[in-house]
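K.L.:
The chain contents come next:
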Amino acid sequence: MIALSDYLILSSIVFCIGLAGIFINRTNIIMLLMCVELILAAVNTNFIAFSYYGGDLAGQIFVFFILTVAAAEVAIGLAILTLMFRSRGSIDIDATNTLKG
Amino acid sequence: MMITSRNTAKAALFLILTFFSAASLWLLLEAEFLAITLILIYVGAVMVLFMFVIKMLDTDKSTLRAQFTRYLPLGIFVSIIVIAQMVLVLNAGQFDLAMTGVPEKHDASYSNITAIAEQLYTVYVYPFELAAILLLIAIIAAITLVHRNESRSKKQDISEQINVQAKDRMRMASIKPKSAKESK
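Same order as they appear, the protein sequences are chains A and B.
All you need for my numbering is the position in the first sequence, starting with 1, plus 453.
All you need for my numbering is the position in the second sequence, starting with 1, plus 22.
No lab work stands behind these hints: they were computed from the structure.
Any given hint could turn out to be false.
Unchecked claim - Covered stretches of chain A, going by a simulated chain B footprint (3 or more residues, C-beta under 8 Å): (1) 469-477; (2) 492-500.
As the list claims (entries may be wrong) - Computed footprint of chain A on chain B; a stretch qualifies when at least three of its residues, placed anywhere within it, have a C-beta under 8 Å from a C-beta of chain A: (3) 29-43; (4) 62-73; (5) 104-110; (6) 141-155; (7) 186-196.
To be verified - To give a feel for the contact side, a few chain A residues facing chain B, derived at Cβ under 8 Å: (8) L485; (9) V489; (10) L510; (11) Q513; (12) A525; (13) L531; (14) L534; (15) L536; (16) F538.
The model shown is predicted, which means the values in this text are computed figures rather than measured ones.
In this text, a Cβ means the ideal position worked out from N, Cα and C, and glycines have one as well.
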């Protein structure tokens, strides 16, 4: 039988993979968005594991709202990304220094 | 595998694989509705959107490769520290199987969707409606952000329509009638 700590360790490892991905792929915004998705998946796994072992259904409902917000975030993020590519010609983060004083 | 891939499209495919494994884990945890939702929404909609954007915008691979080795030690360092902390905390015994126990399995007549819906439409109905409004705002924002090209849109300028004068639209042509003598 799988214990709760196994799920927690697995989701923390996935979380850290996403975190390392943010550090490694710092120039590519699409990769940054995908790493955020990975982190959200890890957090959702945590929520569902606690909901199962705690016998409370509120965790799953919270995961439902997290999925909703993440979908909205991805849609707006990709829209901004498309707009940025159209006006600037690249999606490099280092090129976005227009606001630099 | 996903974060070290040079090709962004391959990374997206690995992310899809990760979502499938997460969905199978959620099935093990008796969260069937959320597992199906994860596959339908994430694999079916969000990742398709990602692939569309990846294929539409060509990403420059040379800068990506140059930056890769620069931040690699920092990323590995931070993630190893966080993983070590998590494993130390979680292995200490307070989340062990002996402490939490095995929750009893539901029988076959138990429906996860029914249980979630009962909670969602009674206790959490206001957050549910807020989520709907949030999605509506996201739709409107995404459309207005992308659809900004004025020349292609066919919107009407009302003030211009009202202020139009007769001379703008109508041209008075003075045509002399031919005399009857010449036509004969």
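K.L.:
Checking each numbered hint in turn, tell me which of them this model violates, lowest number first.
P.N.:
Of the numbered hints, 7, 8 and 9 do not hold.
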